[in-house]
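One-letter residues, chain by chain:
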Amino acid sequence: MTEGRGKPVGLSGDLAVAYAVKQADVDVIAAYPITPQTIIVEKLAEYVNDGELNAAFVPVESEHSALSAVVGASLAGARVFTATASQGLALMYEILWIASGLRTTVVMALANRALSPNINIHCSHDDAYAARDAGWIQFFAENVQEAYDLTLLAFRVSEDKKVLFPSIINLDGFILSHSLERLLVLDDKEVKEFLPPKEPVNPIDPDNPKTYGPLDLYDYYIEHKRQQAEHFKASYPRILELMREFSEFAGREYKPIKTYGLEDAEVAIMILGSSAGTARYVARKLRAKGEKVGVISLTLYRPFPVNELLEAVKGLKALAVMDRSYSFGSPGAQLFMDVTAALINAKEKPLMFNVIYGLGGRDLMPDHIVQVFEMAKQVAKEGEVKEAQVWVGVRE
Amino acid sequence: MSTKKLGWRELPIGAIITTPGNSVEYKTGAWRALKPVYHKEKCVKCLLCWIHCPEPAIIRHEDDTIEIDYDYCKGCGICANVCPVKAIEMVMER
Amino acid sequence: MLVEVRWHGRGGQGVVTSSELLARAAIKEGMYVYHAPEFGPERRGAPVRAYTRISDEPIELHCGIYEPDAVVVIDPLLQYDVDYILAGIKEGGLLVLNAKEPADVVVAKAKEIKLKVWYVDAYTIAMEIFGRPLYNTPMLGAFVKASGLVKLESVLEAIKDRFAAMGEEIVNKNKEAVKRAYEEVKPYEY
Amino acid sequence: MEKELKLIKSIKEIPIREDFAPGHRLCTGCGIPQLVRMVLKAIPGPKVVVNATGCLEVATTIFPYTSWKVPWVHNAFENAAATASGIEAAFRILEKKRGIKRPKIIVFGGDGGTFDIGLQALSGALERGHDLIYICYDNEAYMNTGIQRSSATPKGAATTTSPAGRVIPGKLERKKDLIGIAVAHGVKYAATMNPAYPIDMYNKIVKAASIEGPTVLHYFTPCPTGWRADPSKSIEIARLAVLTRIWPLYEYEDGKYKINVLVKKPRPVEEYFKLQGRFRHLLDPKNKWLLEEIKRDIEENWRRLLRLAGIEE
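Quick mapping for you: the protein sequence lines, in order, are chains A, U, W and Z. Per numbering that gives the first Met the number 0, the very first residue in the first sequence carries number 0; after that it's consecutive. Per numbering that gives the first Met the number 0, the very first residue in the second sequence carries number 0; after that it's consecutive. Per numbering that gives the first Met the number 0, the very first residue in the third sequence carries number 0; after that it's consecutive. Per numbering that gives the first Met the number 0, the very first residue in the fourth sequence carries number 0; after that it's consecutive.
Calculated from the structure, these hints are not laboratory results. This one's a predicted model, so the numbers in the text were calculated from it and none came from an experiment. Wrong hints could be hidden among the right ones.
[To be verified] Computed list of chain A residues with no C-beta within reach of chain W, every gap over 10 Å:
#1 G9
#2 F173
#3 D187
#4 P199
#5 R225
#6 Q226
#7 E262
#8 R279
#9 V389
[Stated by the list, open to error] Taking lysine-lysine and the DSS-like style, the derived pairs with C-alpha atoms no more than 27 Å apart in a straight line are:
#10 A:K160 <-> Z:K40
#11 Z:K40 <-> U:K39
#12 U:K44 <-> Z:K40
#13 A:K224 <-> U:K39
#14 A:K188 <-> A:K6
#15 Z:K40 <-> A:K288
#16 Z:K95 <-> A:K191
#17 A:K232 <-> U:K85
We put the CB at the ideal spot given by N, CA and C, even for glycine.
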């Protein structure tokens, strides 16, 4: 990541998100506290009560109501924000689908946290994956700078007339949410240039009454779903354009997919969130010793960058797809299923296996990454996958 | 929205309905078994039938006489029941 | 250059704040940082760790610190818990203790792995300045002197930013605590 | 600033304009449309309707048709009050920031969406003090899913999940006190309404709409299907509910309770029960104990209201 524009400051992931939301001049915030997201909404409440942000802060009584309220506010034409994690996302689940189906422009920060049981406040990607089918654009931040930038970008993307879908910015609970990093923050005026006030499409208007959220039976439901699906797919090139625009604007490059070392890598790790940096750190050291290893990570998880992935894996002999979650009874965990499905018809594709790591905040250490690269090398050497799914960082 | 069922490309986004009150295109009069008949000469213009009608299928005129809109009347009989002077009578549909 | 510092203390002593202030001071000098509290519900009195990673290049590592270049023990009693505080510390690394005199047990181990040991009586400093055993800013001052990693002025500025909302008195007391420890901390001669 | 209230004395004063179109698919003889028509008539300015999942929602907006000539929003079952909160908050801030005119927010929820699954969201909205009128159309069971008991189902009523069985003769629990719940949240105005009393109803809606902040209206909704009653008798049944003291018409305003229809000599509850299949088993001598219990409950509730209204017995 290049430096780009902005003033250097030290902020935690949560505070960086809150700062971006303030700069976005959001109109309505509704949220319910849940660790590790709480700091975001506490800070936003402070901005509002100190008069630094002219927004309505709706201190709802549950996450279900948080998302319900911002859905309503978005339909009314407001720029809206909420944040949650884990159980909160699970409680919102029903409304996730409605938020997308009604084509709202909700932006939500998800400070990724493991789902119960057992209750744990630390990082897993269970919550992000739980939202994957619901029609939300999903970004994964790798560091605090990205959490900030992607929050600003998310408003622009969601409200774009060629998109009109809600967005989630994933930031690893504690590892990013509560950790302070140096980042560059843009000037308020610059943010306004990139992100002008929302121009609502079909807002609630008593002079032009519309019916939102009707009963939709078998004679129309499937057409509406098809439309939503096609529009979601079609949003992809537009998201790409907006990522490019933001990159130029901020001087920091954003692409749906990040690759490292793939020009000559024989084996690679694919991973989401803050651990991508750890993987790259290890890969860099290994490459310095002449090992042909690489790392793939996603900044954009939904819509899934299929073509970019196809391009990236060319020449790879083995790919370890790492999931910070588990999908019971399925052929692989969630990212693994995405990746294998994306590559299924590719002429050239690596052997793939799934690595489960980091559940409930178990630290992913550089040694674990070394271990996974070793497994990948073994698979590449043997030309077959003996174990389709393995766990690292767990006591046997 | 006409009777032609639109494809996904033509439908408004978000499944919204942009034509307020277009349920009038759906005639519920066919549900009716009993039919209210209005006897204007008996009517005392109390408007109880008008205010209690669940559709609304009772049209209130400027002079507070009424007219029954058989396109929508489901024949519940509330109007006949609330009429204090029996100006509405329920009869067999056919 | 990548320097990894691990802070040891107990809940309520400001371990996390020490690490955060160091990170903020480093940012002022144009460096990259990753400051992370030990993740877990904080309980007053329970042992707590915090991590500061400082580099002149962007930091990609997002994991805990297992092989620190420096360890700062802000609680005076934890120096007896030698294996815990020195776990993974690099040979020849820096150890900063809150102690009138380093305990024999810690000195013995430190000598074995050639640590540079510095110590300061942060208890006395804290009691005289705050009237309470608040060790975070004195131990930060001690670390800054012992490590030379950041300038004293950067730390003082970071304190001003961090405590401004709490009023001038708090800012000044913390500055004073940093400065006194900065002056009083001394290397242990084996 | 006191707004001048346009209260009415005669049905003739009720505006002709209809913002609720026919062609909806509510059951024959349903009591809900009368409420909706009245609300849209009594609140003339710009307004937005938020609707919880339920009979009203499904029957009036079957895509591609809508009976609504005002903006209408349905989100889900339990979150109408939360959705309305967000809309209200949005318009309030958009009014400040962009000069957009703030409409009146009206919420309709059935008894399921209000008493049960939506109670938390309603409590939150009332506590936060959003400027909205929450109206519960209470048909005393989950009618949309096919007549299952709710916490608004009255004692003794048979539903599909509280059937009049050989051992347990219908629902044995009392109905929740929605107005009490609303008042406990500190709302300025709350009232019960009944379709047999249209002028009272109209004026209550006008009063509720005149208040800045949350208000709660509780409407008795005859349901011929769920109550196993003659659709033509919906209004007759509704009136009997008041005259038997089963559904007292009262309001809470500025800290005071007022009984709007002071029933001096109540009609026998049996008259009300015999018109509805859901209560018919109560007239069986073997269930006399339950009937007696219900009568005591009604009596007790009436005395409670008299006390609240400061009326000597």
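Here's how the hints hold up against the structure:
no.	hint	verdict
1	G9	4 Å, violated
2	F173	4 Å, violated
3	D187	19 Å, holds
4	P199	37 Å, holds
5	R225	40 Å, holds
6	Q226	40 Å, holds
7	E262	19 Å, holds
8	R279	5 Å, violated
9	V389	19 Å, holds
10	A:K160 <-> Z:K40	36 Å, violated
11	Z:K40 <-> U:K39	25 Å, holds
12	U:K44 <-> Z:K40	19 Å, holds
13	A:K224 <-> U:K39	51 Å, violated
14	A:K188 <-> A:K6	13 Å, holds
15	Z:K40 <-> A:K288	80 Å, violated
16	Z:K95 <-> A:K191	19 Å, holds
17	A:K232 <-> U:K85	63 Å, violated
Hint violations for this structure: numbers 1, 2, 8, 10, 13, 15, 17, all remaining hints satisfied.
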